[in-house]
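Q: Sequence:
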Amino acid sequence: PPSSPLSLSVEEVSENSFTLTWKAPEHTGKAGLDGYLVEICKDGSSDWKAVNQEPFLSTRYTVPNLNSGDKIHVRVTAVGASGSSAPAMLEQPVLIREILQLPKIRMPRHLRETYVRHVGDAVNIMIPFQGKPQPEVTWTKGDQPLDTSRVNIRTTARDTIFYIRQAQRADSGQYQLCVRINGAEDRAILDIQVVEPPGPPQNLKLVDVWGFNVALEWTPPADNGNAEIKGYRVQKSDKKSGKWFTVLERCTRTSCTISDLIIGNTYSFRVFSENCCGLSDSAAVAAGVAHIEKTKTTYQPEKIPQRDMMEPPKFTQPLTDRTTTRGYSTHLFCSVRGFPQPKIIWLKNQMEIREDPKYIAMIEQGVCSLEIRKPSPFDGGVYTCKAVNALGEASVDCRLDVKGEE
-2 PPSSPLSLSV EEVSENSFTL TWKAPEHTGK AGLDGYLVEI CKDGSSDWKA
48 VNQEPFLSTR YTVPNLNSGD KIHVRVTAVG ASGSSAPAML EQPVLIREIL
98 QLPKIRMPRH LRETYVRHVG DAVNIMIPFQ GKPQPEVTWT KGDQPLDTSR
148 VNIRTTARDT IFYIRQAQRA DSGQYQLCVR INGAEDRAIL DIQVVEPPGP
198 PQNLKLVDVW GFNVALEWTP PADNGNAEIK GYRVQKSDKK SGKWFTVLER
248 CTRTSCTISD LIIGNTYSFR VFSENCCGLS DSAAVAAGVA HIEKTKTTYQ
298 PEKIPQRDMM EPPKFTQPLT DRTTTRGYST HLFCSVRGFP QPKIIWLKNQ
348 MEIREDPKYI AMIEQGVCSL EIRKPSPFDG GVYTCKAVNA LGEASVDCRL
398 DVKGEE
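Reminder that position 40 of the sequence shown reads as 37 in our numbering, one-by-one numbering, no gaps.
Simulated from the structure, these hints should not be mistaken for lab results. A hint or two may mislead.
What the hints assert, rightly or not - Ranges of calculated distance between the beta carbons of each label pair, as one might list FRET restraints:
#1 S146 - C248: 15 to 25 Å
#2 P298 - Q190: 12 to 22 Å
#3 Q127 - S252: 49 to 59 Å
#4 E110 - D44: 45 to 55 Å
#5 D118 - K291: 47 to 57 Å
#6 A387 - I301: 24 to 34 Å
#7 G80 - E110: 23 to 33 Å
#8 K202 - M123: 17 to 27 Å
#9 D118 - C248: 20 to 30 Å
#10 N346 - E390: 13 to 23 Å
#11 R162 - L3: 57 to 67 Å
#12 Q171 - V204: 13 to 23 Å
#13 N346 - R370: 11 to 21 Å
What the hints assert, rightly or not - Derived DSS-like pairs: lysine-lysine, alpha-carbon spacing no greater than 27 Å straight-line:
#14 K383 - K371
#15 K291 - K237
#16 K240 - K227
#17 K311 - K291
#18 K240 - K202
#19 K383 - K340
#20 K101 - K20
#21 K39 - K68
#22 K291 - K240
#23 K39 - K27
#24 K236 - K202
#25 K27 - K68
The beta-carbon is built from N, C-alpha and C at its ideal position, and this holds for glycine as well.
Throw the hints in and build the complete structure from the sequences for me.
A: Given below as C-alpha cells:
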C-alpha cells in the first residue's frame, strides 16, 4: 500500500468551511495511486465520517457545510489498488470561525540564513508576524519545549522576541517558530550557530629539511570551535632573535613547505588554527628544530655577452597634421629612440626654432613635445622634429594650420 500523505495543513478557514492542502506520499505502491479520502470527526467524538465518497487526485480540498464554533478533527488517507495508507492527521482540531487574516511569519532577511554569534554574546532577535484574531505562538527546539533557564521568549500581538543573555555552544541548533490560528498555521526555522576560537592543530611534525627548505605536516584540531576551519597560520623563529614571524597566512592544507631560509640559522616552527572567530588561543609547536647548513657546491655565474646598445635615432611615433584656433595653445607630439640619447632640434619652415618664449620644447622618456603658445595665423606652417646622435639623424614633420576665430 502507499505511504501516508505529507505536510497536511489548513490553508483557509471561514465561518462554515475550511480548506486543506497536503503533499503526495513518498511511496505510492506498485499499482500507483487512485486518490485520497478526507474524513472528519467532531471534537469529543470518535465517529469519523468520509467527506468524499470517491477518491480524488487533487492535493487540495475544501470541507463545506460546517457550523460556526465546531471543533473538527481531520485525517487524509492515500488510496491505491494495493490498499490504503495510514492516515495523516492534524495535531489540533480546526475551530470553525472566520479568520480575518491568515497567520504569516515575516522572517527578517538576515535570519533566513544561519545566525552566527560568539560564545558569551547576547542573542536578541525580534521576528514580526501577522494574523487576526491574535495567533497562538509557540517555540520548540527538536520538537521539545525551550529550556526557559536559557531562553527567554516575549510575545506581543505583532512580534515575538527570542533572547539569550550569554550564548553557549549548547544553544546552537534549529529553533522552530509556529504561529497558529484555529488550525491554520505558518512555520519558520531559526538556525543559530554559537562559535568560539578553535583549538590548536595536532601532531605537528618537522618532516624534512633540505637546502634552504623545510616541510611540515599536522592534523586538524580536536575542537574546531563549532565552525569550519578556514585555514592555518604558520610561523617561524630563528634561534638568534627568538622572535616569531608569519611565513604562511591562512594555509588551507595540513602540510606546507617553507623556503628561503638563511644558511647557518636554526629555526623552530609553530602553527595556529583559524575559524570565523580568529586564531586559536595557543599554537602547536614542532618538537624538533631545523638547522640550515652551508652547501659545498660553488656557484659559477653564467657569462653573458655585453649587448651593443648603440642605435641611430629612429622615430617610433611621427608628428601628425593639426588644425587649431587662433589664441588657443596647442601641442605637437612624437616619440623617438636611439643611443646615445639623441639631441632634439625643432624647425619651422626649415628654420631652427631657438630660444623663443612662444615655444616650449620638452623630451621625457623618448616622448618629444612642442608647445606653441597662443598661436596666430603667422605661426602656421610646416614643423619638423630632427633627432641627431653620433650614429646618424632622423626627422619627421607635420603641417599646422591656425584659423582665425569666427
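Q: Quick check: which numbered hints come out false for this structure?
A: When the structure is compared with the hints, numbers 1, 2, 7, 8, 11, 12, 17, 23, 25 turn out to be violated.
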